[in-house]
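Visitor: Residue-level listing of the chains:
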Amino acid sequence: MAKEESRKAKKNPIGAFLKALGKDIAEIGTTLIKGDWKTKISFVIMGFGQLVRGQFLRGLMYLAVEAALLFYIIKFGWSYLSKLGTLGTVETGKVGRVTVYGDNSFLILLFGILTVMAIIALIFMWRLNLRDNWNQEQILKKGKKLPGNKADWRSLFDSNFDKTLLALPLVGIFVFTVLPIVFMICVAFTNYDATHQAPSKLFTWVGIDNFKKLFSFASNGFGGTFVQVLLWTLAWALFATFIDYFLGIAVAMLINRKGIRFKKLWRTVLVMTIAVPQFVSLLYVAKLFSSSGLINGWLMRLGIIQTAIPFWTNPFLAKVMIIVVNIWIGIPYLMLIATGLLMNIPEDLYESARIDGANAWQMFRSITLPYMLFVTGPFLLTQFIGNLNNFNVIYLLTGGAPKSGSMVGGAGKTDLLVTWLYKMTINDTDYKMAAVIGIMVFIVTAVISLVVYQMLPSVKDEEGFQ
Amino acid sequence: MARETSMKRKRAIGNAFSYILLILISLIWLFPFVGVLLNSFRSYDGAVEYGGMVNYLIPKHFSLDNYKFILSNATNYKQWYLNTILISICVAILQTVIILCVSYALSRMRFKGRTFLMRFWLVLGMFPGFLTMICLYFLLKQMGLTQAGAIPGLILVSVASSGMGYYVCKGYFDTIPKALDEAARIDGASRARVFLTMIIPMSKPIIIYTALVAFMAPWCDYIFASYIAFGHDTSYNVAVAMYRWMNTGDYQGYFTRFCAGGVLVAIPVTILFMCLQRYYVEGVTGGAVKG
Chain V
10 MAKEESRKAK KNPIGAFLKA LGKDIAEIGT TLIKGDWKTK ISFVIMGFGQ LVRGQFLRGL
70 MYLAVEAALL FYIIKFGWSY LSKLGTLGTV ETGKVGRVTV YGDNSFLILL FGILTVMAII
130 ALIFMWRLNL RDNWNQEQIL KKGKKLPGNK ADWRSLFDSN FDKTLLALPL VGIFVFTVLP
190 IVFMICVAFT NYDATHQAPS KLFTWVGIDN FKKLFSFASN GFGGTFVQVL LWTLAWALFA
250 TFIDYFLGIA VAMLINRKGI RFKKLWRTVL VMTIAVPQFV SLLYVAKLFS SSGLINGWLM
310 RLGIIQTAIP FWTNPFLAKV MIIVVNIWIG IPYLMLIATG LLMNIPEDLY ESARIDGANA
370 WQMFRSITLP YMLFVTGPFL LTQFIGNLNN FNVIYLLTGG APKSGSMVGG AGKTDLLVTW
430 LYKMTINDTD YKMAAVIGIM VFIVTAVISL VVYQMLPSVK DEEGFQ
Chain L
26 MARETSMKRK RAIGNAFSYI LLILISLIWL FPFVGVLLNS FRSYDGAVEY GGMVNYLIPK
86 HFSLDNYKFI LSNATNYKQW YLNTILISIC VAILQTVIIL CVSYALSRMR FKGRTFLMRF
146 WLVLGMFPGF LTMICLYFLL KQMGLTQAGA IPGLILVSVA SSGMGYYVCK GYFDTIPKAL
206 DEAARIDGAS RARVFLTMII PMSKPIIIYT ALVAFMAPWC DYIFASYIAF GHDTSYNVAV
266 AMYRWMNTGD YQGYFTRFCA GGVLVAIPVT ILFMCLQRYY VEGVTGGAVK G
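Going down the list, the sequences are from chains V and L. For the numbering used here, count along the first sequence from 1 and bump the result up by 9. For the numbering used here, count along the second sequence from 1 and bump the result up by 25.
One or more hints might be untrue.
Said to hold, decoys possible - Simulated pairs of lysine to aspartate or glutamate, EDC-like, Cα-Cα distance not exceeding 20 angstroms: (1) L:195 x L:212; (2) L:33 x V:360; (3) V:267 x V:360; (4) L:137 x V:141; (5) V:172 x L:90; (6) V:84 x V:100; (7) V:49 x V:146; (8) V:151 x V:167; (9) L:137 x V:360; (10) V:272 x L:207; (11) V:32 x V:112; (12) V:154 x V:141; (13) L:166 x L:258; (14) L:229 x L:199; (15) L:93 x L:70; (16) L:137 x V:33; (17) L:137 x L:199; (18) V:43 x V:33; (19) V:153 x V:45; (20) V:273 x L:307; (21) L:137 x V:112; (22) V:43 x V:146; (23) L:35 x L:90; (24) V:92 x V:112; (25) V:43 x V:112; (26) L:203 x V:167; (27) L:195 x L:70; (28) L:85 x L:70; (29) L:35 x V:161; (30) L:137 x V:161; (31) V:151 x V:141; (32) V:267 x V:141; (33) V:49 x V:33; (34) V:267 x V:146; (35) L:229 x L:206; (36) L:166 x V:112.
Derived by calculation from the structure, the hints in this document are not laboratory data.
Work out the full structure, taking the sequences as your base and the hints as a guide.
Guide: What follows is the structure, encoded as structure tokens:
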């Protein structure tokens, strides 16, 4: 029954939300009409009812939250919120020799968003406060006693322990992740770039102009470059994920082979790549293959080549090199993961296959591989997503080079969407387009995750292979 | 009988082939580390030996010049190193505490909005991290935590959002039977008591894994660290400082010094990692299977 209801709610989330909202408003109405005077005053002064009823801890909490939020909104936030529609109109200028500071679009946008969030938080707390008042009244009406302050305090370490545990992490995530992301999504709809730098210049809303620019294939549009970078990003993630995956399994099987000794030694050698910080190993590898590097030097000394092989400057070769070097990084992880999993495959499966006359390749194809794909399906997905955003490998090896005159936004031939985003932020300070690219990365990630996740065998059929 | 010997021979050939392959793999995998180590003993002093990129691996003169240089007061290397250690230790401790708290709440408690929270964090995680860089920079600047204050700033940013990385740890908590919790709670223990005196002592492997991963990350942190410490030499971490050695201006002169610096960074981190390898493998494998 309950399941059916939740399924219905899933089908029509907006309808369900409106229904819940209507119910809520009705409840507020009854609270206002039927509530006693303590509850009624709590409509204006949050926590009043609780304080009068002797629950100082809760009452003070509500009161403090209301005071803090109202103080912020009225004293500070309002002036920003009122300018949010235009992001400021008064430009910073000079009167004589004195600089007169005008509006700062950056601050207006940031604190405007914060104010909106503060208002939402205030409404939410207000609602909680009302419900709390109403519940208390009902308890008192039934002739029961309210939990004391001590019990309230103790509940924070017992029945309400989740609130204690999550309070700090939630605040951290809100301030350092949610707020910046909302801010940057908003930036994608403004003209904030090198020529509109706060505080000296203003920037303003431009609607979906930036998205139009991203998909425009005119000479100054981002369309061509975007398609190129996106295709390479997808190709890279595909290669990096699956080549590493299969080679990792192969190496793990090689080490697991019966009769191979020093298993621990081989594993330790491979694990070195995880242990040594990547910036040391990757920067060295980058120099190793550079035109004056050791590999070219050796080959030239041996007379095999006359001129240096352009490992990092030829676009195609650079792409191949990045994938190859990534194998060097990726295999150890996969080897570690696969080693444990391979041992979980029941030995009798292989035994019976052997009796049926299967060779090694057949056994791998019909026993090992299906099992591994089944168990590591979700991992492969996260690995793929991780590779889409694999900044370190690209940045430390090539920095996105070789650059290309035919690409806009400072993009190079090996740039992924994220390294391109980074370059636009750092080199060009083209924040608006960086924000647009960021949103595109999000869309690509979200679509792939959703589609693939539905297709995963372990999601479709949880009982398989058990 | 004859068949058995042929099988044995087949296996022996297979094994020999495997050994050759493994030795080859080991050589390839170890080559860069050997390269860094050998280059670090080549002098940068032109009078002794050319200090830039050369076309041979083993230095002609063995010298400790690079180590002397980076440990002298000519660079801020010691400062960078201390910065990184400080960041790593703080991040490892604080991040582990936060992840443990979040994981326990999500694994053991059933509260309103729990699934919403988990889904919301999943969606948040799909935004690329650097997107928010300028906004974070500005927030930190308001608090005075950029340039000169970049170290606490970096710690704050790394720790603040760490709650979202709860997957592996929550997965581990989920495997601890709930019956244990319930038994303790019937005996009158509060949730907090159960968490502190039962779950945490039972989670040693995952705590070590979490702390180890958190400790290793700052050693490679280049992107954000370089952005918020911009232009302030003494608040760099080793990755930022040495990336600059390699990529700005005269890297030829700094190539061998980079190698020496890299060796000093790699040795303690590698030793630590190797000692705790067992826990790392456990965490990685557990996380991979649960997805």
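Visitor: Which of the stated hints cannot be reconciled with the structure, identified by number in ascending sequence?
Guide: As far as the earlier hints go, 1, 5, 6, 8, 9, 10, 11, 21, 23, 25, 27, 29, 32, 34 are violated by this structure, in ascending order.
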